[in-house]
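Number of protein chains: 2
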Amino acid sequence: MVNETQQSCSASSSSRSDGGSSSGSESSKDNSRCSTPVLDADRHERLREKMRRRQEAGDKWFSLEFFPPRTANAAVNLISRFDRMGAGGPLFIDVTWHPAGDPGSDKETSSMIIANTAVNYCGLETILHMTCCNQTKDDITGHLQKAKRLGLKNIMALRGDPVGEEWEEEVDGFNYAVDLVKHIRSEFDDYFDICVAGYPKGHPEAESYEADLRHLKEKVFAGADFIITQLFFRSETFLKFMKDCQAIGITCPIIPGIFPIQGYHSLRQLVKLSKLEVPQEIKDVIEPIKDNDAAIRNYGVELAVSMCRELLDSGMVHGLHFYTLNREVATTEVLKRLGLWNEDPRRPLPWAVSAHPKRRVEDVRPIFWASRPKSYIYRTQEWDDFPNGRWGNSSSPAFGELRDYYLFYLKSKSPREELLKMWGEELTGEESVFEVFTCYITGEPNRNGHKVTCMPWNDDPLATETNLLKDQLEKVNRRGILTINSQPNINGKPSTDPIVGWGPSGGYVFQKAYLEFFASSEIVMALLKVLKKYELRVNYHIVNVKGQNITNAPDLQPNAVTWGIFPGREIIQPTVVDPVSFLYWKDEAFALWIEQWAKLYEEESPSRMIIQYIHDNYYLVNLVDNDFPLENCLWQVVDDTFELLN
Amino acid sequence: MVNETQQSCSASSSSRSDGGSSSGSESSKDNSRCSTPVLDADRHERLREKMRRRQEAGDKWFSLEFFPPRTANAAVNLISRFDRMGAGGPLFIDVTWHPAGDPGSDKETSSMIIANTAVNYCGLETILHMTCCNQTKDDITGHLQKAKRLGLKNIMALRGDPVGEEWEEEVDGFNYAVDLVKHIRSEFDDYFDICVAGYPKGHPEAESYEADLRHLKEKVFAGADFIITQLFFRSETFLKFMKDCQAIGITCPIIPGIFPIQGYHSLRQLVKLSKLEVPQEIKDVIEPIKDNDAAIRNYGVELAVSMCRELLDSGMVHGLHFYTLNREVATTEVLKRLGLWNEDPRRPLPWAVSAHPKRRVEDVRPIFWASRPKSYIYRTQEWDDFPNGRWGNSSSPAFGELRDYYLFYLKSKSPREELLKMWGEELTGEESVFEVFTCYITGEPNRNGHKVTCMPWNDDPLATETNLLKDQLEKVNRRGILTINSQPNINGKPSTDPIVGWGPSGGYVFQKAYLEFFASSEIVMALLKVLKKYELRVNYHIVNVKGQNITNAPDLQPNAVTWGIFPGREIIQPTVVDPVSFLYWKDEAFALWIEQWAKLYEEESPSRMIIQYIHDNYYLVNLVDNDFPLENCLWQVVDDTFELLN
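Line order of the protein sequences matches chains L and H.
Residue 646 is where the first sequence ends in full-length UniProt numbering, and the numbering goes up by one at each step.
Residue 646 is where the second sequence ends in full-length UniProt numbering, and the numbering goes up by one at each step.
Simulated from the structure, these hints should not be mistaken for laboratory data.
All figures in this text were calculated on a predicted structure; none of them were measured in a lab.
Be careful, since some hints might not be right.
Claimed, not checked - In silico DSS-like links for lysine-lysine, alpha-carbon gap of 25 Å or less:
#1 Lys493(L) x Lys533(H)
#2 Lys240(H) x Lys290(H)
#3 Lys533(L) x Lys493(H)
#4 Lys493(H) x Lys493(L)
Let the sequences and hints guide you as you build the complete structure.
This is how it looks when you write it as structure tokens:
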């Protein structure tokens with residue numbers, strides 16, 4: 001009877017336990033422990049496995065297609081869009097390959113670099129398109145090697161458009177997408193997941209629909225893992241195509257490409273490029289409203305929603321691929337109406353994870369970069385292994401220097417004029433700097449009526465969690481304790497808590513209270529006297545730009561400040577205050593005064609000199625209250641300090 | 001001003017931060033993260049460093065000398081004594097070298113194996129004595145290699161006693177301890193800490209006191225790290241010797257050897273061997289009471305205490321070395337009266353750590369071996385690395401087989417006759433087994449008037465912590481839920497809590513409730529139905545001797561059931577329920593029924609068949625309540641199970 005119940009222990013471990021003699025000392029040599037916490041299966045599976053798992057679970061998904069931007073500013077905006085649309089929970093995004101735009105180069109607008117940024121800095125599973133015609137094998141191999149090096153794991157293998165009017169086969173080159181698929185498999189074995197294109201109406205250049213289906217089958221049999229289709233206008237088109245594919249033995253996933261009509265001109269252009277015909281019933285609706293963008297978009301959304309519903313209801317479709325044209329509104333609207341948009345994104349960890357395969361196991365980071373995760377990823381990109389389970393005694397964390405403040409994915413979203421409005425066209429003294437910090441905290445407009453929505457250390461408005469501390473933060477910033485990072489103490493809130501929760505449900509999350517700020521040496525001297533009273537309770541690190549460092553941390557050990565306890569899992573402690581990393585963060589934190597703020601002003605101008613003075617003379621302080629079950633004592637520490645100063 | 005305050009950040013990290021350019025991507029290659037939590041510096045320092053640190057901190061210490069036992073039974077007792085006396089907190093113990101007892105062999109009574117057991121199984125810092133006369137270099141090297149392989153790190157280098165009456169120099173052999181010191185340093189570099197003997201009255205064979213001091217200096221200059229002296233009867237003797245040593249340039253620690261007189265005969269024998277003269281004033285006291293052991297011991301304790309006080313008060317002595325003669329009472333009494341005995345041993349981790357250098361970083365173990373730590377160490381002795389920070393996905397933990405139930409350090413302390421009295425001369429059915437379990441829990445005598453002080457799975461009486469659960473445990477054992485391991489849930493008690501505390505002070509410890517038991521398949525079937533109601537809250541593993549395994553653990557991941565949060569440190573999680581290890585523990589847990597219990601009875605006897613029946617048909621069950629902040633639900637689970645059965 002009992003044997004008939006759930007047997008969820010894997011066969012391999014049962015057999016190991018049956019044949020006990022095989023577990024002797026001999027085999028202990030290959031006792032290589034993987035300390036990977038499988039907190040989030042998404043981080044550990046390849047794309048085709050994620051698809052399979054989602055399909056098996058009956059869990060519908062979506063993906064988003066983007067093209068590389070033309071300008072550096074557009075790149076900054078696209079990355080913000082990745083962050084926002086990534087929150088909706090796409091299974092992957094893909095980035096098209098623009099042969100004219102030097103797609104494999106290191107330019108910030110290249111396909112390669114945009115895909116790299118999506119994977120590494122935005123944490124998105126990403127497919128990089130790649131075309132093969134008019135390129136040498138060596139070029140292609142070079143691109144693939146570079147993609148692999150950057151952590152890209154998925155390629156959409158395409159032929160690409162011919163250069164001239166007529167298509168001519170090249171003798172030694174790649175002539176068809178199938179050649180590229182074969183090349184990837186022969187040169188990179190099973191490393192990449194490969195996607196190929198399917199044409200529900202047949203490729204415009206194919207001899208026939210049937211011939212095109214046979215080409216598709218060749219691509220799949222050459223090693224493609226799944227198919228994304230060209231856009232189409234009727235669900236029947238796709239469903240027939242899918243049945244025809246299955247009939248000739250194509251069994252891999254086939255994902256319909258959805259194109260929400262967003263405007264008259266974009267539709268016309270796309271139709272021209274793809275050589276598709278727009279059905280008469282759609283033309284009939286659009287023509288009369290062609291100058292009314294909003295009306296067309298509404299119609300497009302309506303049309304897409306009903307077509308997607310038909311596809312999903314067919315039971316044959318498990319995922320939907322959206323041609324976004326780099327726009328947010330229409331696609332997001334369609335997804336929300338379909339119920340596919342993730343309205344309550346659960347964070348697997350308190351910080352945004354990177355999708356680079358070598359960072360799969362990473363689950364601990366210093367708290368200092370909490371608001372600058374992309375900078376953290378950049379400064380640790382050369383690491384070969386990443387801390388997990390523990391940060392450890394990082395006697396040599398070897399952070400890369402941050403000199404490249406111009407890098408588009410590290411840039412402020414706001415242009416210089418806006419920053420000046422927020423942070424002051426002209427500063428009159430340290431107090432005007434206190435005011436900027438205070439306005440950022442309160443959300444109130446500054447004396448010129450502008451809201452301060454970002455700071456050099458934080459490109460976004462105050463986090464919801466920090467809002468819990470708003471009143472106290474306002475008070476201390478007014479008096480020159482210039483806070484740049486903080487968290488409240490949490491003594492076991494459910495992991496599903498909308499503000500401080502993270503990780504799987506059913507768990508409990510904890511935090512030690514943390515406060516990080518710049519302050520004058522006068523404040524710091526008083527603070528040090530006050531801290532003597534809190535010697536065992538509060539750990540502190542205090543450093544100035546020259547690296548003079550004062551701390552009571554034992555043996556330079558890290559202090560865990562965020563951790564979670566989950567059912568059936570080991571403890572996860574994703575955030576630490578690491579004394580050694582703090583000295584690297586210090587360089588960046590001080591440099592931001594100059595790079596982001598002082599440089600807004602003319603050299604030698606009074607405003608610039610005020611920022612320079614703060615940079616040269618203030619201290620960067622962090623405080624941790626170790627007694628997380630008690631009321632946060634850090635506000636008392638600060639109050640005591642002000643009292644001593646009076 | 002601030003620069004004059006505490007600068008506790010090490011110079012190296014300051015300079016690293018100053019010369020920021022050296023921290024670029026080049027150096028990240030040697031980014032080898034040490035995940036060692038320095039929870040307990042004692043585990044990470046070599047003996048001479050511990051001495052130095054204790055001396056610098058003004059922290060007095062003691063050490064204990066033992067000789068190897070003559071019989072296997074005596075070895076079992078000596079290991080229990082190591083465990084008990086180890087709790088008093090010796091800085092180290094040492095084990096003498098008995099040339100006549102095949103000291104380097106694998107016999108359970110050899111010096112080598114006793115030292116090995118002290119280090120690896122009792123977790124004691126240990127010095128192994130080694131003599132060199134009448135041995136070849138190869139023999140000596142062989143012994144040293146073996147010692148190193150076993151994890152011994154300290155050698156007391158001695159000449160040894162001559163074989164005949166007269167001492168004769170061997171041409172190619174070792175003639176003096178200094179030869180052995182040189183040999184160790186030349187063959188093993190700085191691996192071992194080396195101790196040598198000092199003679200406060202001069203070596204009996206030395207030409208003179210001064211000549212002997214010069215020999216001692218030679219030994220130190222050849223590489224010895226510290227000196228332990230021969231016993232003496234007056235503190236002045238030692239203090240003069242120490243000054244004389246310092247006068248000729250001996251600066252290493254010199255530890256006085258203390259011999260509490262414990263009996264007339266042992267004193268006479270020792271004096272004869274060491275060729276020392278007992279001062280007249282001592283003889284005068286002892287002779288009249290020579291047949292009264294208790295009186296002599298009391299006097300010996302008195303004498304030792306006052307001499308030790310004089311030594312400590314001199315300010316020249318930081319540690320005391322006790323010649324225990326393998327006895328507990330007198331030495332313990334002296335140490336308690338001196339205030340050196342650790343009355344409140346703080347546990348660095350919830351389980352006893354091993355002192356083998358390769359286990360230094362180990363800080364996670366499966367909970368199953370909580371009462372059988374020596375068996376756990378034995379079964380993992382071939383591992384090359386030990387889990388720390390996380391247990392990890394131990395898909396191949398490769399535990400060694402436990403076939404060697406006869407090994408003296410795994411043996412029950414109780415002989416067969418005692419076990420029969422406790423567990424029943426004759427069993428009449430499964431209920432008589434339930435009774436044995438119940439008596440062990442309650443501490444009440446069984447129906448024949450014998451207390452059950454140990455069980456096959458637990459060689460000691462119920463742990464204080466388990467006592468917290470006594471009432472519930474009694475109730476369930478009576479009804480056939482035969483518990484072998486359990487812990488209550490703890491939601492943040494101070495780390496100094498006398499019952500459940502561990503680790504440094506100022507921290508908080510946590511536990512998930514745990515219950516492990518054997519039960520019939522009838523009970524297990526009902527239990528499984530009940531567990532459906534607790535699906536997300538309770539993790540379970542249920543297995544029978546054949547390895548049929550039922551669990552709801554996700555992906556065979558370990559579940560942390562003990563963890564601690566400390567000031568300025570990362571999270572420590574020393575105990576997990578690991579599904580894979582459970583299948584290895586299962587073999588041992590079931591085998592103990594047969595090896596320790598069934599085999600007490602004649603083959604084919606009804607008693608033996610009852611145990612065999614349980615072994616063949618019962619299931620081993622473990623339950624974890626993940627909701628540690630709520631009231632433990634496992635008792636409700638068991639109650640529901642019994643209710644369902646009724």
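Outcome of the hint check:
1. Lys493(L) x Lys533(H): With a Cα-Cα distance of about 23 Å, the restraint between Lys493(L) and Lys533(H) holds, given a limit of 25 Å.
2. Lys240(H) x Lys290(H): With Cα atoms ~31 Å apart, Lys240(H) and Lys290(H) exceed 25 Å; violated.
3. Lys533(L) x Lys493(H): Distance of about 23 Å is within 25 Å: holds.
4. Lys493(H) x Lys493(L): holds (17 Å)
Comparing the model with each numbered hint stated earlier shows that hint 2 is the single one that does not hold.
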